[in-house]
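There are 6 protein chains.
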Amino acid sequence: MYFYREDLINMIVPDKPDPVAAKVMQEILGGHFGEMRTMMQYFFQSSNFRGTEKKYRDLLRGIFLEEIAHVELVQTTINHLLNESGEPGAGAESPSGAPLSSPVQQGANPHHYIIGAQASLPVDAAGNPWNGSWVYSHGNLIGDLLDNLNLESTGVLQKSRIYEMSSNKTFRETLAFLIVRDNAHQNAFAKALETLGVDWAKLFPVPNYDINKYPECRKYVEMGFHNAQFNFRLDDTLIAEVFSGKSPSRNGGELQVTPPPQGNPLPVMPELPNEHSPGTSDMNR
Amino acid sequence: MYFYREDLINMIVPDKPDPVAAKVMQEILGGHFGEMRTMMQYFFQSSNFRGTEKKYRDLLRGIFLEEIAHVELVQTTINHLLNESGEPGAGAESPSGAPLSSPVQQGANPHHYIIGAQASLPVDAAGNPWNGSWVYSHGNLIGDLLDNLNLESTGVLQKSRIYEMSSNKTFRETLAFLIVRDNAHQNAFAKALETLGVDWAKLFPVPNYDINKYPECRKYVEMGFHNAQFNFRLDDTLIAEVFSGKSPSRNGGELQVTPPPQGNPLPVMPELPNEHSPGTSDMNR
Amino acid sequence: MYFYREDLINMIVPDKPDPVAAKVMQEILGGHFGEMRTMMQYFFQSSNFRGTEKKYRDLLRGIFLEEIAHVELVQTTINHLLNESGEPGAGAESPSGAPLSSPVQQGANPHHYIIGAQASLPVDAAGNPWNGSWVYSHGNLIGDLLDNLNLESTGVLQKSRIYEMSSNKTFRETLAFLIVRDNAHQNAFAKALETLGVDWAKLFPVPNYDINKYPECRKYVEMGFHNAQFNFRLDDTLIAEVFSGKSPSRNGGELQVTPPPQGNPLPVMPELPNEHSPGTSDMNR
Amino acid sequence: MYFYREDLINMIVPDKPDPVAAKVMQEILGGHFGEMRTMMQYFFQSSNFRGTEKKYRDLLRGIFLEEIAHVELVQTTINHLLNESGEPGAGAESPSGAPLSSPVQQGANPHHYIIGAQASLPVDAAGNPWNGSWVYSHGNLIGDLLDNLNLESTGVLQKSRIYEMSSNKTFRETLAFLIVRDNAHQNAFAKALETLGVDWAKLFPVPNYDINKYPECRKYVEMGFHNAQFNFRLDDTLIAEVFSGKSPSRNGGELQVTPPPQGNPLPVMPELPNEHSPGTSDMNR
Amino acid sequence: MYFYREDLINMIVPDKPDPVAAKVMQEILGGHFGEMRTMMQYFFQSSNFRGTEKKYRDLLRGIFLEEIAHVELVQTTINHLLNESGEPGAGAESPSGAPLSSPVQQGANPHHYIIGAQASLPVDAAGNPWNGSWVYSHGNLIGDLLDNLNLESTGVLQKSRIYEMSSNKTFRETLAFLIVRDNAHQNAFAKALETLGVDWAKLFPVPNYDINKYPECRKYVEMGFHNAQFNFRLDDTLIAEVFSGKSPSRNGGELQVTPPPQGNPLPVMPELPNEHSPGTSDMNR
Amino acid sequence: MYFYREDLINMIVPDKPDPVAAKVMQEILGGHFGEMRTMMQYFFQSSNFRGTEKKYRDLLRGIFLEEIAHVELVQTTINHLLNESGEPGAGAESPSGAPLSSPVQQGANPHHYIIGAQASLPVDAAGNPWNGSWVYSHGNLIGDLLDNLNLESTGVLQKSRIYEMSSNKTFRETLAFLIVRDNAHQNAFAKALETLGVDWAKLFPVPNYDINKYPECRKYVEMGFHNAQFNFRLDDTLIAEVFSGKSPSRNGGELQVTPPPQGNPLPVMPELPNEHSPGTSDMNR
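Chains as they are written, first to last, in our numbering: chain E, 1 to 285; chain A, 1 to 285; chain P, 1 to 285; chain C, 1 to 285; chain D, 1 to 285; chain Z, 1 to 285.
Simulated from the structure, these hints should not be mistaken for lab results.
Any given hint could turn out to be false.
A pair holds if it fits inside one copy or across any two, identical chains being indistinguishable in the list.
As the list claims (entries may be wrong) - Here are the computed lysine-lysine pairs in the BS3-like style, where the Cα-Cα straight-line distance is at most 27 Å: (1) 54 <-> 16; (2) 16 <-> 169; (3) 246 <-> 169; (4) 202 <-> 246; (5) 202 <-> 55; (6) 219 <-> 55; (7) 169 <-> 213; (8) 246 <-> 16; (9) 219 <-> 54; (10) 202 <-> 16; (11) 213 <-> 55; (12) 246 <-> 213; (13) 202 <-> 169; (14) 55 <-> 169.
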């Protein structure tokens with residue numbers, strides 16, 4: 001069973017609205033290699049696990065737990081990039097009389113304003129809905145690990161590319177945190193394959209990202225987040241039987257299971273009367 | 001952040017394999033009105049919540065937390081309906097020499113044997129993948145509540161129909177538990193709309209299911225599960241400001257926030273060498 | 001604007017339930033070349049029509065109007081193939097205790113029993129949902145006519161194949177009527193291309209179906225339905241400027257615009273208490 | 001059977017081309033909660049209706065009939081927003097030599113120019129094709145009514161948001177008419193649930209839109225269109241057994257079945273030679 | 001079996017990057033009527049061919065072979081429109097510090113930069129993925145030929161519209177070559193239907209494109225490419241039994257089977273370090 | 001450019017029709033990890049290749065070329081499993097009068113008889129159409145290689161599972177050939193990663209299949225097909241700079257580039273008059 005404490009896994013750094021950044025950030029949420037995919041993939045793999053090698057099951061479930069918090073972080077980030085991104089005021093009083101015309105004409109995803117009230121959606125950067133056929137859980141452990149390794153590597157790769165699409169601080173801080181955490185998960189699956197005999201030499205991290213290009217990453221690396229596995233279990237776990245010892249990447253260091261990071265408060269989002277959200281205050285009561 | 005204790009939210013009652021039951025049970029997991037939809041819908045609604053009426057946000061998130069455990073329960077149920085549903089033994093030694101031919105010829109979903117190793121998938125009863133466009137989070141609170149009410153009502157309706165598709169005990173126990181819990185969630189959203197002024201008279205429960213037709217439901221009703229909201233929060237929640245007082249359904253009773261049910265151990269699933277699952281034991285090490 | 005008289009465009013011939021026939025009949029409703037496609041394709045083509053050659057627009061809209069009635073006929077046919085196809089009685093009293101198990105195990109589409117109460121769906125014979133990308137309206141008249149000709153030819157072809165999938169009389173009568181009407185629509189689009197210069201020689205009908213293989217077709221051919229265009233307009237139409245004169249097919253005859261056929265009463269479908277349909281009688285009122 | 005008189009259900013107010021407005025207007029045509037969905041949903045619900053309570057069936061079919069005319073109105077509106085939105089003249093003579101470059105670079109849906117000749121498509125505002133899985137017809141009357149109520153509420157909500165995306169008059173007039181008609185349909189389904197016992201108090205309309213923000217709506221409200229059900233039946237209907245008496249919304253008034261509105265002529269759309277539409281005049285005949 | 005010589009079927013004319021042109025060009029690659037569709041459609045039709053009229057099978061396969069080379073040509077064209085379309089330099093040094101922000105804000109498909117490293121994708125101009133349901137192979141020869149004729153006509157039509165979306169030379173040269181080749185394939189399928197009796201009079205080419213509007217086409221017409229069928233067979237083929245004699249189009253000329261065109265070298269594409277592509281040079285080796 | 005010699009890459013072993021085997025074999029053709037995916041994935045990766053390390057590009061293209069022949073082999077295999085799988089004779093004369101009823105009632109994919117004339121389709125074993133979003137080409141070489149390795153491993157895994165679904169000889173021979181060839185391609189991508197430093201130890205082949213369970217594989221292994229790369233280039237290739245030396249799998253042996261196998265004649269498929277295929281002989285000519 002699943003329990004919750006109302007804390008975001010990382011901070012939301014304030015900056016101006018940026019609807020195009022919100023649109024491309026959707027890839028990290030609902031894209032083929034986004035956080036919804038990783039969350040659901042590890043969920044299915046841990047529930048479908050066969051056999052008695054519980055340490056691998058605990059590894060899969062442990063990363064699944066963190067991915068739920070990642071989905072929440074990306075949803076919240078997108079919401080903050082969208083918050084009040086239309087013109088202020090109701091329709092009649094705004095300069096153009098059409099307060100949502102500006103983001104739509106500048107290339108925002110119109111669904112951010114039509115379906116949600118300037119809020120995140122289960123779609124990718126091109127507006128395609130998330131699709132269950134992307135989840136991969138075949139029950140062969142090596143196959144699952146290879147695919148997961150591939151998934152986390154693509155996660156870093158795509159986040160590093162999306163990082164260059166806006167210099168917005170809200171946007172980049174979340175990306176930087178997730179790049180370092182994907183690196184940790186890449187290490188986890190690479191290490192699991194090491195326990196089955198592989199020697200990765202200098203292959204990882206994939207891609208070979210230069211931390212100087214993504215300065216927001218530095219503090220997370222300095223805290224050791226690239227070699228840590230956060231433990232969200234309320235009971236015992238065998239995850240450290242896999243996730244410990246020398247990092248499989250050429251960057252070195254020791255893998256360590258640690259408590260989750262200090263949480264961050266969930267921001268209260270402003271009401272948007274011109275989007276009828278939440279729409280209770282404008283009732284005659 | 002999300003935490004876990006390795007306990008299933010309900011028991012798995014043992015019975016024989018039933019691949020066709022597993023196929024139709026997929027609707028409850030990956031269908032348009034299945035548990036993956038409810039889980040993701042309430043997740044998006046709670047993350048996208050606007051304004052300060054935190055009690056509604058806590059209600060949405062509280063039900064989301066239970067839905068994660070429901071997804072896990074349905075995955076596990078499907079796995080048990082599939083476990084060892086092929087002929088025993090390796091290909092060459094089995095009577096037909098084709099140990100997976102029997103379930104496929106009798107109408108199983110072939111993907112249960114091809115993609116997974118006799119394991120659950122993010123698809124519906126017709127084999128269509130889960131689709132993000134089904135999730136509905138528009139940020140207007142009344143709109144969200146009406147849709148959720150509709151979603152839980154359809155949940156009960158479809159589960160009561162699927163119940164009649166097999167008399168398998170593993171299958172029916174899970175359905176019965178979920179029918180009663182959907183009823184509770186129907187009560188939660190109906191109650192939330194009562195706080196906004198609606199009088200439901202005798203409309204609910206929808207559909208007007210007769211508990212005598214679903215005998216496995218009785219014990220859950222007797223435990224009051226149709227009027228309970230399990231609390232999975234590790235911190236405070238305002239959920240009882242909505243979920244309390246007289247039930248909005250004609251069946252009466254008092255709504256109560258309670259601790260989660262006693263957990264049930266996750267079964268260890270057998271290895272399936274002829275599906276190469278998990279496939280570590282047959283390596284030459 | 002669109003008006004209605006409660007009459008089915010053709011009769012429903014009674015016969016026993018046949019859930020597998022209902023499943024394959026879905027292709028005619030929601031398939032790539034089914035009646036929903038023809039209906040929506042001619043709707044878009046007539047609304048999107050450019051220029052002043054109104055006779056072609058009237059032709060497109062005239063066939064669109066009939067296609068709405070075809071969709072209704074196929075929905076009703078599927079419903080009659082499904083009506084009471086589960087075991088009689090409520091769950092507890094039926095022989096197996098699982099009154100919907102039999103159709104599902106024999107290859108029915110489970111969604112016919114889960115989503116609808118033994119009722120038609122906007123899906124094809126493999127259970128895939130109808131998809132808007134199939135509709136083709138590009139605004140080049142010749143392109144539209146060529147595609148429509150192709151669509152109606154495929155309509156006859158697929159119906160003649162589906163005809164051989166069951167000898168159920170409800171099933172075959174509807175198919176036979178539609179085969180003859182698709183032939184008429186094939187003639188309409190072929191004739192429209194004749195007005196632009198083409199000589200079809202002996203190409204049509206495509207496929208070259210032998211009426212003796214589809215005996216239910218004979219009466220419709222004898223009534224001249226293969227050369228008739230039913231007129232559903234309440235105002236004037238120029239359709240006869242295209243649809244008149246010698247048939248473009250080698251079977252000969254004269255094309256004629258005629259009044260719609262005598263209507264047929266819509267059958268009242270029985271309630272299905274074990275599917276909670278319609279579910280009003282079982283409320284305590 | 002379905003009959004037609006060539007009249008649009010509402011006027012097309014002339015204004016300049018606005019390709020981005022056309023793109024977002026597609027949500028109203030082919031979106032998850034658009035007019036194609038309402039049309040097909042009520043079509044399936046009325047054809048699949050079980051039992052003898054014909055007044056509800058007549059209600060469902062009555063609204064279905066109007067939705068066909070709504071689809072036609074939105075198609076026509078989109079076409080007028082697109083008409084001649086490229087640069088005038090053929091490729092070689094235009095300033096840039098690429099007369100369709102401008103709308104595409106300014107965020108139009110390129111399919112409006114590639115698939116159709118500046119014409120409407122069965123897709124949503126993000127370009128995703130309409131999907132049959134959105135249609136909901138489960139045969140439980142209360143379930144169907146709750147879903148329809150939800151659908152019409154979302155219809156008003158999304159139209160009120162889209163309204164703020166452009167001040168184009170063609171665009172806003174159609175939206176305003178549809179907002180008021182969705183309100184009427186919301187009243188119809190709310191009233192049908194009142195006949196089953198519900199008291200809506202002050203919940204409706206949802207959302208609680210302020211008519212002063214949508215000035216084009218006023219005249220339709222003054223004509224009573226928010227409390228009217230247009231009757232498109234050529235034979236008798238029991239719709240007034242449901243749709244009559246006091247409005248279920250807090251705005252009050254009496255529900256009334258009325259004849260359809262005075263029709264409006266369908267505009268003839270200009271030819272577009274540089275899109276080869278309709279492409280007959282440029283043949284050597 | 002399939003063999004390869006590393007030559008592009010047509011030249012790549014150099015010009016500046018044009019990400020919006022790349023986006024719309026995707027329709028020609030992965031759209032409903034694009035080259036992936038024609039390639040796969042003729043592949044399935046030739047593999048599924050029934051009966052002994054080998055000359056038609058050879059025609060289908062012959063055009064399939066050319067379509068593989070067309071897919072490669074369009075992929076390469078898109079890549080050249082995208083090459084180095086971000087700002088030069090790594091993130092930190094670029095003017096905005098976000099070198100990919102510019103194309104995304106100007107309406108590029110963000111997937112061109114996220115999924116691929118400024119590279120082609122199997123999607124259409126609206127970003128929807130290619131879908132197998134578009135392929136049509138029903139085994140009735142006339143039906144297949146009618147559909148193919150329709151497909152090639154739409155190919156010319158859509159390419160002529162896309163041509164007007166940019167004056168970029170890389171873009172237009174590829175389109176012009178493909179317009180002429182689609183014309184040839186239109187002639188091939190029209191001729192095949194002539195052998196079955198049809199007289200097309202002056203219907204073709206569809207659309208009736210004016211070569212003066214597409215000046216890049218002229219040289220290909222002068223080389224006779226509109227009446228040629230390139231022969232990619234290493235063994236004998238009966239294609240000339242269909243593809244010979246007078247052209248079925250009003251433009252006249254003689255159909256001829258010829259050797260493939262002189263090939264063109266595949267350009268080497270530059271590395272993109274800020275997209276980590278190919279990402280081997282930045283490893284510490 | 002692409003050239004063809006009419007030879008199948010492997011033999012078709014005759015056996016009885018088996019429509020359910022044809023249905024599951026579709027996974028190998030149009031499934032998420034089927035031959036259409038491998039073909040298109042390596043096609044995009046080779047066309048999108050960046051930089052000057054041509055040996056890797058030649059490897060990708062070399063495997064792409066073989067995959068085209070694999071698609072053709074699987075299409076042909078499915079066709080042979082379906083050939084004449086309905087009852088013999090025309091409708092009226094057959095025992096049931098419905099010659100296609102039998103396969104449909106026994107669980108065949110009805111689309112095999114409706115869309116095609118007992119012919120292969122671009123869909124998977126559950127009838128879902130092939131989807132372009134499955135293709136993965138991100139331009140980071142290590143990412144592409146890891147994904148391809150994963151793809152080929154899943155290919156072997158799924159084929160070994162499907163092998164157990166029927167003992168039909170046509171079915172099993174094709175699967176056995178492809179299992180061995182996927183093993184060779186697994187070796188190719190594993191070797192490519194070895195050139196970048198990885199030591200696979202005893203990880204491969206994945207899964208660790210036992211050749212004694214798949215006796216048809218033995219002859220292909222004895223011919224060395226698991227360590228061979230067939231060369232389909234008509235010009236030079238650098239593929240041997242990667243594909244040579246010791247096999248990366250624990251089974252050992254030397255990797256070798258070899259000529260393609262001796263070809264096999266394409267069987268002529270019988271006409272199916274009751275499916276109107278090809279439908280030319282029944283015209284009055």
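Comparing the hints with the structure gives:
no.	hint	in the structure
1	54 <-> 16	between (46 Å within a copy, 25 Å between copies)
2	16 <-> 169	within (8 Å within a copy, 32 Å between copies)
3	246 <-> 169	neither (33 Å within a copy, 48 Å between copies)
4	202 <-> 246	both (13 Å within a copy, 21 Å between copies)
5	202 <-> 55	both (26 Å within a copy, 21 Å between copies)
6	219 <-> 55	neither (30 Å within a copy, 36 Å between copies)
7	169 <-> 213	within (15 Å within a copy, 35 Å between copies)
8	246 <-> 16	neither (41 Å within a copy, 46 Å between copies)
9	219 <-> 54	neither (33 Å within a copy, 33 Å between copies)
10	202 <-> 16	neither (40 Å within a copy, 38 Å between copies)
11	213 <-> 55	neither (36 Å within a copy, 30 Å between copies)
12	246 <-> 213	within (26 Å within a copy, 39 Å between copies)
13	202 <-> 169	neither (32 Å within a copy, 43 Å between copies)
14	55 <-> 169	neither (38 Å within a copy, 31 Å between copies)
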